[in-house]
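Asks: Residue strings, one per chain:
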Amino acid sequence: MTNGIRSILIKNGRLIDPANGVDEVADLLITEDKVQKIGRLDNKADTVLDATGRIVSPGLIDLHVHFRQPGDEEEETIASGSAAAVAGGFTSVVCMPNTNPPIDEATGVEFIHRMGRQARKTFIYVMGALTKDRKGEDLAEIGLMAQAGAIGFTDDGAGVQNTAVMLRAMKYASMFGLVVSQHCQDDSLARNGVMNAGYNSTILGLPGIDPLAEEMMLWRDIQLVKKTQVRYHAQHISTAGSVSIIRQAKEEGLPVTCEVTPHHLLLTEEYVRDYDTNYKVNPPLRTLADVEALRRAVQEGLIDALATDHAPHLKSEKELEFLAAPFGIASLECALPLYRKALIDPGLLDWPQMLAMLTWRPARILGVQKGTLAVGDRADVAIIDPDAEWTIDSGRFYSKSHNCPYDGWTVKGRVLQTIVAGELRYSADERSACRS
Amino acid sequence: MTKHKKTDFQWRNKHLIGLSDLSREEIEFILDTARGFEEISTRSIKKAPALRGKVVVNMFFEDSTRTRNSFTLAAGRLSADVIEFSKSYSSVSKGETLIDTARNLEAMGVDIVVIRHGAGGAPKLLSRSINACVVNAGDGYHEHPTQALLDVYTIRQIKGTLDGLKIGIVGDIAHSRVARSNIYAMTKLGAEVTLIGPPTLMPAQVQKLPVQVSCDLDAVIEKLDVINMLRIQFERLGGNLFPSIREYSHFFGLTVDRMKKAKPDMLVMHPGPINRGLEIESEVADGPRSVILRQVANGLAIRMAVLFLVNQAAAVEAKEQKS
Amino acid sequence: MKILLDEKQIDQILDRISSNIADDLGSHKELVVIGIRSRGEILAERLCSKLGRLLGKEIPFGTLDITLYRDDIHDPAGDIQPQVRTTEIDFDIHKTTILLVDDVLHTGRSVRAALDALTDLGRPRTIRLAVLVDRGSHELPIHADYVGIKSEVAEEESVRVQLKETDQIEQVTVE
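Quick note, the sequences are listed as chains A, B and C, same order.
In terms of my numbering, the first sequence is residues 1 to 436.
In terms of my numbering, the second sequence is residues 437 to 759.
In terms of my numbering, the third sequence is residues 760 to 934.
To be clear, the hints were calculated from the coordinates, so they are not data collected in a lab.
Hints may contain errors.
As a list, the in silico PhoX-like pairs of lysine-lysine whose alpha-carbon atoms are at most 25 Å apart [what the hints assert, rightly or not]:
1. A:Lys318 with B:Lys624
2. A:Lys315 with B:Lys523
3. B:Lys482 with C:Lys854
4. B:Lys699 with B:Lys624
5. C:Lys854 with B:Lys483
Label pairs and their calculated CB-CB ranges [unchecked claim]:
6. A:Asn192 with B:Asn540: 26 to 32 Å
7. B:Gly626 with A:Gly253: 56 to 62 Å
8. B:Ser650 with A:Glu270: 28 to 34 Å
Built from N, CA and C at the ideal position, the CB exists for glycine as well.
With the hints as constraints, model all of the structure from the sequences given.
Replies: Here it is as structure tokens:
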């Protein structure tokens with residue numbers, strides 16, 4: 001091309017654009033930051049990528065990541081997290097506000113956005129805290145954060161315990177039309193729990209978190225949604241009981257959505273049996289029956305989005321006693337093959353259905369025009385080899401942390417290139433955790 | 437099941453983390469071995485050179501006089517050098533981690549680490565991180581293997597066998613490592629175990645354990661051959677798990693009156709230290725059916741046997757690695 | 760395999776040894792017999808009853824487990840570990856004359872361990888050693904006072920003592 005206009009031509013890929021019902025072999029021409037043309041193309045371009053046998057998908061969107069900045073830059077920064085994101089095919093991620101200090105006012109929102117622009121990898125969204133200091137008491141400056149560009153509100157890491165405060169927060173947030181998101185956990189039931197409450201917690205002698213802790217708050221919030229009609233999103237649901245509650249809310253036509261993580265689709269509490277803290281996560285890993293219920297719910301379409309809850313932690317912290325180690329799993333860079341393993345391999349979803357849960361459906365929860373790949377759309381693209389087999393090596397992650405229980409797993413499906421706003425921001429050839 | 441001749445059995449565990457991992461045969465082997473150590477405590481020179489030149493560290497992250505003394509004495513009677521290390525543990529305190537501490541001690545040439553810790557799984561974590569043998573002296577609500585071993589040893593000593601015995605464990609099962617280790621040891625040796633206490637002191641899905649559960653001590657006591665009264669641990673009780681001590685004692689205390697309903701030869705056990713007048717009345721604790729002091733004496737033989745066996749297993753392992 | 764002693768010969772040897780012992784130690788008031796586990800224990804028990812008959816009195820008898828006193832405890836031969844068994848000596852050995860009994864005297868290390876173990880139990884006046892077979896190749900300056908049969912056995916061969924009580928058959932073989 002001439003005139004200094006950037007262009008990328010992706011040849012011969014299987015173009016999947018679930019929002020528009022597209023699943024066909026086609027070429028895709030990107031000019032500047034937009035999709036210019038789709039079809040059988042002979043245009044010249046600065047970069048030509050051969051995508052024969054590969055999937056060309058709208059860039060993936062992750063509703064739930066922790067990039068630890070500000071405060072815990074030793075674990076992750078927005079720069080390192082962004083690099084991890086594009087390596088996982090994610091062109092947009094939503095940062096949670098439970099940093100140190102938490103993102104509970106407009107300057108914090110602006111800071112995250114600025115760091116995201118500087119990192120120049122993935123597109124960074126941020127949710128603001130619902131309450132000041134995430135204490136669940138006084139409302140945070142929801143309006144000012146909304147004006148600064150916050151994409152939604154949550155006290156993630158904890159649920160808002162006090163029902164009156166939650167009702168107030170929902171009512172107030174409804175003024176701005178943004179989503180209110182909740183980490184559902186009733187602390188009076190969860191107490192000092194560190195794993196699922198049940199036979200395994202009894203055997204291990206560890207305090208348990210009863211499924212009720214999640215379900216009680218989810219149920220309560222849904223009653224509040226009935227009253228406020230605010231758009232409500234339940235984060236990382238983990239139990240069969242939660243699935244029933246969500247089903248009922250959706251049947252009633254309430255504006256309720258939810259997400260599920262790779263670990264709650266793949267792992268059970270049995271993995272905790274050796275006190276390996278890489279399996280310590282909140283909500284905790286549950287039983288096989290819960291995993292099966294979540295998978296069925298995905299198949300039924302009850303779950304709106306797949307989200308990693310990427311939660312990086314230092315090795316020295318994860319080396320602590322199970323009781324003392326922090327909750328969390330870092331999985332941004334290997335999420336796609338994990339979803340494949342949980343959902344496509346057992347025949348619950350096909351690629352277009354699964355990619356929908358990683359593209360336009362999460363975009364709709366956020367209320368943004370993303371996750372589609374029609375002419376004129378922003379050129380966020382992931383090129384995926386759906387069958388490439390590789391072994392996860394957390395030591396090669398772009399993420400600063402390696403607390404990944406999937407380390408050593410051999411998986412199928414690999415992100416080869418990630419294009420954000422028309423720029424090739426990641427290519428598997430450079431250096432990658434995803435090397436075959 | 438193949439019946440091995442005793443002399444063919446080889447102990448291969450260089451750690452003792454819990455009894456849930458051990459087979460009946462392994463548990464019986466420890467008990468049989470302990471018999472050989474009983475005699476040492478009866479001599480005028482109470483020492484044998486079996487661990488001469490070995491270093492044992494007592495790493496106690498929780499207060500304990502009885503268990504610590506027992507391990508110290510056991511290691512001493514086998515001629516080991518003993519380092520005492522104690523530190524209070526809080527899951528939120530920063531600073532040197534357990535692994536750091538252990539690696540430091542290991543650099544000093546420690547052969548066996550005896551660990552008591554408030555967090556379930558700490559001994560397991562340790563065993564993954566260092567080369568020395570690890571012996572669990574009680575971890576959180578997880579296990580207290582040597583206590584359970586001395587309990588079944590004491591029962592076997594008096595009753596001959598545990599096969600077919602009906603044993604009751606009374607109290608705060610949810611927060612008791614002693615109860616868990618007891619359940620494994622007793623059921624593996626053939627006893628029928630009934631857990632007795634209010635539902636608020638029972639762990640999650642207790643019905644999946646190989647036990648019966650009752651909240652009515654009076655209804656169960658007459659069938660029991662052995663009763664093990666757990667200590668009510670006030671420091672463990674974060675919440676309001678029963679209304680008052682008075683009410684607890686009323687329903688679950690072992691009183692002289694209740695003893696009248698029991699079999700005349702029912703053994704009364706308690707892992708100590710006793711809260712007199714709370715879970716057990718003094719007259720019962722000091723009475724003829726109480727074997728509480730015998731438990732303490734047997735604890736020594738059990739701990740000597742355990743220290744000896746893990747060290748032997750380590751010696752075999754070291755030998756195999758060399759060749 | 761070569762038979763060194765048969766059932767009859769073993770009994771004759773025990774008769775001879777016990778009469779020698781009765782001659783030498785019969786006057787010692789506090790004579791006791793202690794066998795080293797496990798074959799020494801059986802031989803000791805037999806010797807003890809023969810001695811009792813010869814001397815016309817009950818001779819105290821005990822067994823000694825030497826596992827905790829072995830010098831190879833941290834350096835096991837192969838992967839086989841000796842099992843700790845009980846020492847059963849229910850009398851005070853202070854000022855006694857001990858007849859220590861083992862089946863085979865070879866390196867002398869078991870006897871060394873037994874002497875250490877006995878020292879921890881008390882202070883006997885005299886300790887004498889009786890063995891059924893002395894196969895030579897002593898590694899320590901230890902010799903038996905009463906020997907059933909002395910036989911130089913090659914290093915690679917082993918002497919096997921089988922007794923009715925534990926092995927059904929009664930013989931000593933070299934293989």
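Asks: Holds or violated: the 56 to 62 Å window for the beta-carbon distance between B:Gly626 and A:Gly253?
Replies: holds (60 Å)
Asks: Taking 25 Å as the top limit, are the C-alpha atoms of B:Lys482 and C:Lys854 close enough?
Replies: Satisfied, since the Cα-Cα distance of roughly 19 Å is no more than 25 Å.
Asks: Taking only the CA atoms, is the gap from A:Lys315 to B:Lys523 under or equal to 25 Å?
Replies: Within the cut-off at roughly 23 Å; holds.
Asks: Please work out if A:Lys318 and B:Lys624 have their alpha carbons no farther apart than 25 Å.
Replies: violated (34 Å)
Asks: Given the proposed pairing of B:Lys699 with B:Lys624, does the C-alpha separation stay at or below 25 Å?
Replies: holds (24 Å)
Asks: Could you see if the CB distance from B:Ser650 to A:Glu270 stays within 28 to 34 Å?
Replies: Given a distance of about 29 Å, which is inside 28 to 34 Å, the answer is holds.
Asks: Between A:Asn192 and B:Asn540, does the C-beta distance stay in 26 to 32 Å?
Replies: holds (29 Å)
Asks: Need the status of pair C:Lys854, B:Lys483: alpha-carbon distance at most 25 Å?
Replies: Holds, at about 21 Å.
The structure does not agree with numbered hint 1 stated previously, though it agrees with all others.
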